[in-house]
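Protein chains in written order, with this note's numbering: chain X, 9 to 351; chain S, 9 to 351.
Honestly, the hints are just simulated from the structure, not real lab data.
There may be inaccurate statements among the hints.
If chains are identical, the list can't say which one is meant, so a pair holds when it fits in one copy or spans any two.
Straight-line distance between alpha carbons at most 25 Å, and here's what the computed SDA-like set of lysine to any residue pairs gives [unchecked claim]: (1) K68 <-> M138; (2) K127 <-> P73; (3) K154 <-> I289; (4) K68 <-> F247; (5) K314 <-> F339; (6) K246 <-> D65; (7) K24 <-> E268; (8) K223 <-> D66; (9) K152 <-> F247; (10) K154 <-> F293; (11) K263 <-> R345.
Protein chains: 2
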Amino acid sequence: MSTSIARRIALAARPKGKPQSSDFRLEEMPIPAPGPGQVLLGVQYLSLDPYMRGRMDDRKSYVKPVQVGDAMPGENIARVLASNNPKYALGDVVTSQTGWVTHALSDGTGLRKLDPQQKPITTALGVLGMPGFTAYSGLLTIGKPKAGETVVVAAASGPVGSLVGQLAKIVGARAVGIAGGPEKCAYVKNELGFDAAIDHRAADMPAQLAAACPKGIDVYFENVGGAIWQGVLPLLNKFARVPVCGIIAHYNDEKASADEDRLPATMREILTRSLTLRGFINFEFADQIPQFYREVSAWIAEGRVKYREDIVDGLENAPTAFMGLLEGRNFGKLIVRVDSSAP
Amino acid sequence: MSTSIARRIALAARPKGKPQSSDFRLEEMPIPAPGPGQVLLGVQYLSLDPYMRGRMDDRKSYVKPVQVGDAMPGENIARVLASNNPKYALGDVVTSQTGWVTHALSDGTGLRKLDPQQKPITTALGVLGMPGFTAYSGLLTIGKPKAGETVVVAAASGPVGSLVGQLAKIVGARAVGIAGGPEKCAYVKNELGFDAAIDHRAADMPAQLAAACPKGIDVYFENVGGAIWQGVLPLLNKFARVPVCGIIAHYNDEKASADEDRLPATMREILTRSLTLRGFINFEFADQIPQFYREVSAWIAEGRVKYREDIVDGLENAPTAFMGLLEGRNFGKLIVRVDSSAP
Numbered sequence: 009m010s011t012s013i014a015r016r017i018a019l020a021a022r023p024k025g026k027p028q029s030s031d032f033r034l035e036e037m038p039i040p041a042p043g044p045g046q047v048l049l050g051v052q053y054l055s056l057d058p059y060m061r062g063r064m065d066d067r068k069s070y071v072k073p074v075q076v077g078d079a080m081p082g083e084n085i086a087r088v089l090a091s092n093n094p095k096y097a098l099g100d101v102v103t104s105q106t107g108w109v110t111h112a113l114s115d116g117t118g119l120r121k122l123d124p125q126q127k128p129i130t131t132a133l134g135v136l137g138m139p140g141f142t143a144y145s146g147l148l149t150i151g152k153p154k155a156g157e158t159v160v161v162a163a164a165s166g167p168v169g170s171l172v173g174q175l176a177k178i179v180g181a182r183a184v185g186i187a188g189g190p191e192k193c194a195y196v197k198n199e200l201g202f203d204a205a206i207d208h209r210a211a212d213m214p215a216q217l218a219a220a221c222p223k224g225i226d227v228y229f230e231n232v233g234g235a236i237w238q239g240v241l242p243l244l245n246k247f248a249r250v251p252v253c254g255i256i257a258h259y260n261d262e263k264a265s266a267d268e269d270r271l272p273a274t275m276r277e278i279l280t281r282s283l284t285l286r287g288f289i290n291f292e293f294a295d296q297i298p299q300f301y302r303e304v305s306a307w308i309a310e311g312r313v314k315y316r317e318d319i320v321d322g323l324e325n326a327p328t329a330f331m332g333l334l335e336g337r338n339f340g341k342l343i344v345r346v347d348s349s350a351p
Numbered sequence: 009m010s011t012s013i014a015r016r017i018a019l020a021a022r023p024k025g026k027p028q029s030s031d032f033r034l035e036e037m038p039i040p041a042p043g044p045g046q047v048l049l050g051v052q053y054l055s056l057d058p059y060m061r062g063r064m065d066d067r068k069s070y071v072k073p074v075q076v077g078d079a080m081p082g083e084n085i086a087r088v089l090a091s092n093n094p095k096y097a098l099g100d101v102v103t104s105q106t107g108w109v110t111h112a113l114s115d116g117t118g119l120r121k122l123d124p125q126q127k128p129i130t131t132a133l134g135v136l137g138m139p140g141f142t143a144y145s146g147l148l149t150i151g152k153p154k155a156g157e158t159v160v161v162a163a164a165s166g167p168v169g170s171l172v173g174q175l176a177k178i179v180g181a182r183a184v185g186i187a188g189g190p191e192k193c194a195y196v197k198n199e200l201g202f203d204a205a206i207d208h209r210a211a212d213m214p215a216q217l218a219a220a221c222p223k224g225i226d227v228y229f230e231n232v233g234g235a236i237w238q239g240v241l242p243l244l245n246k247f248a249r250v251p252v253c254g255i256i257a258h259y260n261d262e263k264a265s266a267d268e269d270r271l272p273a274t275m276r277e278i279l280t281r282s283l284t285l286r287g288f289i290n291f292e293f294a295d296q297i298p299q300f301y302r303e304v305s306a307w308i309a310e311g312r313v314k315y316r317e318d319i320v321d322g323l324e325n326a327p328t329a330f331m332g333l334l335e336g337r338n339f340g341k342l343i344v345r346v347d348s349s350a351p
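Just need the whole structure built from these sequences, with the hints factored in.
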């Protein structure tokens, strides 16, 4: 950090539908001094994730919404710049939940020390962080794919979807990914090794998906909703499992669409095909974290798990990058390099 | 049987929306003679159940639809009137899947011998039959209610709902029933011992339901859908379980309602409250049947489980009774006495 000014991105207004630049505000302030028991954190990397859209609304969820005027929330990687806390030394690198900021004070709550030898350190926000663990816990604990079954996931080039499909392959299942555009589809199939990749922008997406799933779908890892769910629903096999991780297609909905009520059709399929839908948030399964690190780290080392990061420079660019994330404009785990000198 | 003529109710036309009298046809024919290995069954009682509505549509479900011109399907209690099958003797009483008929031939497939001492024998179609087992398996295996939790069920005076609530009480949970009209509500609360009963016809049903569930809902046994689901959804607790057994409110839907899409709101709650929705059909859990008979029979004998039957006389009245069932006009398990001399 070469500056003595701290910066942060605050929620300026609750979005109506799609977030706009005016919903965010860049603010400057003096770098604060740590009090007794506190550390001063210098943020190096900020994770941008779809769930943040939900936190911008004044709606009860598994965590409280952000208040207008507060910093946007989220996980970051930070270095300890000063410490009055015996548990943290100058130079320690941690993940923290201090949001879209360049600097933050912390009493240590929610900090997790990282091994600075972990290369790249940004994996702590992606394949070896919350998105990776979401894929791991949701797929294996709720989806329970078996060898020979078919697993479908959308946003398949993203940090959650890419690991879902690769884990499906590791357990011997068929992995079918849905992604936006030919470049992402080629990556999903050729680099990540999915059995098939479908472009959700194709007019005949439902027919392509059906062709890619000749034995139906046994596990659909839901992180999108909308038209993709409508394409998946008729293909779900009896006893199919649907871990519900996100519905990004609906995060910008201001109110219910007025065209038709699709709920009865979904309930009818749940009923007649004995489907299981199960919502989850990764921290329900926190006891699996050590096993997750051990297994996924080993698979990365063996080349069985690949990942891709999309790194944007500068905290001031976080709002635009985040708005792009909700449109699928990122390619890989979206991370903001907050400190230009970060390794 | 005092007649030499057999009668049956055939599907005359596929209903458009609500079934009408003209969708059914009463047919007469000579009583058939059993061939080698066959028995002749004289039907005493016919079970009428909401699932039959689904069988009338040309739509794939867990079983094939009825063909136009075929007898309406369903389970009945029958007596063996003649037998060329060494496994069945004259006078044996069985349940059979031969539908809305006075007489049928069977090679024994799907027959289950009843103990003629079982009194009343009609319980084999209700509390000790398919509806009872549906309640038992769905609630205990999927709903998994724990002492102190709150269980909600609609159609609470019916054969499934009434047992769901009474089983909830047996495991120490709070049971809240939803039923149509003050008479059914009084029965649910005073006779069946639910903690509360809500009239779904009340304009403030959602508010009454919320008041009856001060600690939210942990298990909602879904057999209705529609407005009741909309009332239940905001009250579901984190990790609530929803066995999906039926959606009678939608069985007459010809096409999706055009007012608004309620699916995203349901998916959002599944996601943020880690809900489990699981469709089922009782025969998935067939291995639990012996335990079901043993336990529920004992609870009936001890007075811990009560039941109510609504018996209509005459096969010719089955269509009207069935149309009433879809409107909630029955009060208790709906059964047609096909043979007026049946015990």
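Each hint tested on the structure:
no., hint, verdict
1, K68 <-> M138, "within (21 Å within a copy, 40 Å between copies)"
2, K127 <-> P73, "neither (33 Å within a copy, 59 Å between copies)"
3, K154 <-> I289, "both (22 Å within a copy, 23 Å between copies)"
4, K68 <-> F247, "between (31 Å within a copy, 16 Å between copies)"
5, K314 <-> F339, "within (14 Å within a copy, 61 Å between copies)"
6, K246 <-> D65, "between (36 Å within a copy, 20 Å between copies)"
7, K24 <-> E268, "both (22 Å within a copy, 19 Å between copies)"
8, K223 <-> D66, "between (42 Å within a copy, 23 Å between copies)"
9, K152 <-> F247, "both (11 Å within a copy, 18 Å between copies)"
10, K154 <-> F293, "both (20 Å within a copy, 21 Å between copies)"
11, K263 <-> R345, "neither (35 Å within a copy, 51 Å between copies)"
Hints 2, 11 from the list above are not met by this structure, while the remaining hints are.
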